[in-house]
Amino acid sequence: MTGQKPLERLDARIAVGLGGGYLALLLSGVHSLGYTRDEGFYAYAARVLELWFELVREQGFAAFSRVNVDHFFGVNHEHPVLMKFLFALSHRSFHERWPIFESGTALRLPGMLMAALAVGVIYCWGRETAGRAAGVVSALLFAFMPRVFFHAHLACFDVAVTSMWLVTSYAYVHAFLRPRVASVLGAGVLYGLFLDTKHNAWIFPFALLAHLACVRIFERWRRLPRSGTRVPWALLGVVGIGPCVLFLCWPWLWFDTGARLLEWFHFHLAHDYYNMEFLGRTYWKPPMPRLYAPVMTLATVPLVTLVLFALGAFEIARAIRREADAERWVHESAWLVGLGASYAPWLSTDTPIFGGTKHWLTAYPFLCLVAGRGFALVRSHVAELLPEKWRDPRLVTSGLAATLLAGPFAMTLHSHPWGLTFYTPLVGGAPGAASLGLNRTFWGYTTGALVDTIDALAPEHATIYIHDTAAQSFELLKEDGRLRSDLSGTLALPLSKLALYHHEPHMRRVEYETWVLYGTVAPVAMGSYDGVPVVWLYERP
Amino acid sequence: MRKLRYLWLAVPGLGLAELGLHVWFATRTPRIDEWRALETAVLAHKRAGEPLVVAPAWAEPLAREAFGDRAFPLDELARADDASMPSLLEVSVLGARYEPARNFRVVSEEHVGRFTLRRLQNPAPVRVRFRFLDHVNPSDLRVTLTRGGVTVPCPYTDHALPTAGGLHGEVAFPRARFACPDPERTFVGVTVIDDQTYAPRRCIWAAPPPGGVLSLAFRAVPFGSALRGFGGLSYFLFRDSDAPPVTLALASDGAPLGSYTHEDASGWHGFSFSTAPFTGQSRGVELGVSAPDEAPDRHFCFALEALE
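Note that the protein sequences, when read in sequence, are chains R and Y. Last residue of the first sequence: number 541 in the numbering used here, and the count goes up by one each step with no gaps. Last residue of the second sequence: number 849 in the numbering used here, and the count goes up by one each step with no gaps.
Just chain R, with the same shape it has in the complex (with noise of 0.2 Å):
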């Protein structure tokens, strides 16, 4: 017996059109966001492959020499192409060629377009599996998580590589249960632009192992016949072709091609310790804190979305246990595996915890998925409760997602544009967060709070302490005319008028340096979310 139902061309539409209406709401929000200091390093980054396009259209197949590989290429080589070369794509047509966006918005356009991707395809897959109103609201309890909306915005790769685990998986999954060529084909096609996108997909494999572990059990457990080959083609697509579209498609890899894999996996591997606060503590070396990943996730996750997890996999557990749907557990367990991955290298204590939750945003849509399935068993029981009047499914349905999607929908709203400030009811808001000693902001992207101030301050010609604002994403604020085009930033104390200060407790001392050199402990301006100071400014007397 099978579940499932395929999608109709109503589903697509539907995915469109809540991928689509997710694309402008980030799009209209994007220029009060200011830029983070990773954003800064692939902005740059992207200017160099833009100027290899240039090559490319000049000298043809002389800009794949190891000398123009090397050099157009090398720049933040500790990070595959691929979204490095849709922002430079992005920001030569849609702000060189055709100006319709700002420099940094073309820059951002292919991170938000990958967000929109996920919502989609969220909505399918929860669609296929638990149906058309469990597909909306998984898709929506996405897009409604008010971290994932941050990072949806940047020019970064996290929401990106969310958006590559979740598409791969969704096609993986039709390939092991059809293997058809061309869908084998795609999911190795797939996984080799995933790791083109970024490392997370190192662990993708693995996960396909466990998935695969999780399916035979239940075969045997119900005494069900085995799906497809015993080794899945899917499983040997991914594993075969993904590296060699990777090899392809990262021209960086084409030379000296052991020893650049072996210095990625070393990068990441053994990756330098940022600082973090949780908890009221600062925590810079090993061990670090095992409740960091549940805490965040409790502290940031909509309540409502966690709820309705906890009784989707309730009802997942249920269904193994009563039902022989091998179909369905094909897809849930990929579900299941998705989130436990996502979030198993968090178990070790050696794993860095600098990133705060963007390190295990790939679990997010399996989450939606999941919580999908709670929405769709809660929907079957609140409308037995109904009398019989009222209980047409249509009402139902959207009263329902509509009381449940409301906080999330609110809560997301108005964490924008202070997204690593944001903190859900359950801590107490952005201010029970700061009593406890969450972190409150990091990468210095909070300048984008201050930029009226500092323009209507800073002297003519003046230079601005840029604190934990990347140089690149200062240009970006300049470039889109968030900032006077005569205003320099700088690292140098000294030489300035204006210093910034993005708070964070390691970096305190950065202000007391601002104090002793200019002789006041008075900000002029403070950005402040929800009552809590996040980025302050000082103005040399």
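Hints should not be assumed to be uniformly reliable.
[Claimed, not checked] Pairs of lysine to aspartate or glutamate, DMTMM-like flavour, derived with a Cα cap of 20 Å:
#, chain 1, residue 1, chain 2, residue 2
1, R, Lys285, Y, Glu650
2, R, Lys285, Y, Asp783
3, Y, Lys544, R, Glu475
4, R, Lys5, R, Glu315
5, Y, Lys587, Y, Asp623
6, Y, Lys544, R, Glu384
7, R, Lys497, Y, Asp610
8, R, Lys497, R, Glu460
9, R, Lys497, R, Glu475
[As the list claims (entries may be wrong)] Computed beta-carbon distance windows for the label pairs:
#, chain 1, residue 1, chain 2, residue 2, range
10, R, His268, Y, Leu548, 30 to 38 Å
11, Y, Ala582, R, His268, 48 to 56 Å
12, Y, Pro694, R, Leu495, 53 to 61 Å
13, Y, Leu548, R, Ile217, 44 to 52 Å
14, R, Arg321, Y, Leu557, 31 to 39 Å
15, R, Ser32, Y, Gly752, 54 to 62 Å
16, R, Gly74, Y, Val691, 48 to 56 Å
17, Y, Pro785, R, Ala471, 48 to 56 Å
Please keep in mind that the hints were generated in silico from the structure rather than gathered at the bench. Since this is a predicted model, take the numbers as computed values, not measurements. Don't be surprised by glycine CBs; every beta carbon is placed ideally from N, CA and C.
Take the given structure of chain R and dock chain Y to it, following the hints.
Chain Y only, in chain R's frame:
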């Protein structure tokens, strides 16, 4: 069991409750305009030498922006500790209290809008006669550097080039300092460092020169029962350091009082020496700061008080 079915309604109920709580938490904390409106009341209460403290601590930058430097003199804001403060003025929101002074007695309390102003009295304050930090000037202090048997003076200047190294560099080096010939960090002047909680501590910078001794001679210190001090260096920079310790040797008019040895990872760390035999006398105090010869990059900063 039939009634238990209604528990399913708790799920949408939870969704609405979470929305309501979100709105409540998002609006319950005073905004910057409310802090600014409190300025007059705070400055009316503020007494010289009585530090203003904010609870919860994370709200303090809002108070500094709103009330300005008059409410937060640097020597009060970055004080060595609360023990020598007879009283504190607390500005509290959200029902929070200034935790380090929980044992202080509340002698007055006033509610102003969403704020509470409290005067907190120290039940047993340490009485201070002389704060060395207030006497880092050429009329009260002479600084010399001794290296290889040669002693050179470190003249006072208030026109040195102030510097700051940012997050990973040196702490702020002030314009006014007793500057030794070299290296640049060998000087005596007042700066602010971060302690083991990353809180500010105003202190006298006296980094020992490689292979030498930095000597500070304070004139006419009114002696009481003890000298109480704190040693430290930027915790962020040295929290992982296992470099050789720094030694601060204390003497009075040639008579040794004792020495304090500071390990880098100790953070801001207290010490004291009895001066009971000299109580009531006005005497010189000589401090010698040194580190083992093999330690090339030593930082040190200290605060010192003569107690009644």
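The hints, checked one at a time:
With a C-alpha separation of about 43 Å, the suggested pairing of R:Lys285 with Y:Glu650 is violated against the 20 Å cut-off. With a C-alpha separation of about 15 Å, the suggested pair R:Lys285 and Y:Asp783 falls inside the 20 Å cut-off, and the hint holds. Straight-line distance between C-alpha atoms of Y:Lys544 and R:Glu475 comes to about 62 Å, which puts the hinted pair past the 20 Å bound. Between R:Lys5 and R:Glu315 the alpha-carbon distance is near 19 Å, which keeps this suggested pair within the 20 Å criterion.
At most 20 Å may separate the alpha-carbon atoms for a hinted pair to count; Y:Lys587 and Y:Asp623 meet this at roughly 17 Å. Simply put, Y:Lys544 and R:Glu384 have alpha-carbon atoms about 13 Å apart, close enough for the 20 Å limit, and the pair holds. Our distance criterion of 20 Å between C-alpha atoms is met by R:Lys497 and Y:Asp610, whose separation comes to about 18 Å. About 10 Å separates the Cα atoms of R:Lys497 and R:Glu460, which keeps this hinted pair within 20 Å; it holds.
For the given pair, R:Lys497 sits about 18 Å from R:Glu475 by alpha-carbon distance, which is consistent with the 20 Å threshold. Remark: the range hint 30 to 38 Å for R:His268 to Y:Leu548 is contradicted by a beta-carbon distance near 46 Å. For Y:Ala582 and R:His268, the Cβ-Cβ distance of about 54 Å falls inside the hinted range of 48 to 56 Å, so the restraint holds. Between Y:Pro694 and R:Leu495 the beta carbons are some 31 Å apart, a value that contradicts the proposed interval 53 to 61 Å.
Taking 44 to 52 Å as the suggested C-beta distance range, the pair Y:Leu548 and R:Ile217 does not conform, at roughly 33 Å. Between R:Arg321 and Y:Leu557, the C-beta spacing of about 32 Å keeps the proposed range 31 to 39 Å intact. A beta carbon spacing of about 56 Å between R:Ser32 and Y:Gly752 agrees with the range 54 to 62 Å that was offered as a hint. Against the hinted window of 48 to 56 Å, the Cβ-Cβ separation of R:Gly74 and Y:Val691 comes to about 51 Å, which satisfies the hint.
Distance hint check for Y:Pro785 and R:Ala471: the Cβ-Cβ separation is about 37 Å, which falls outside the suggested range of 48 to 56 Å.
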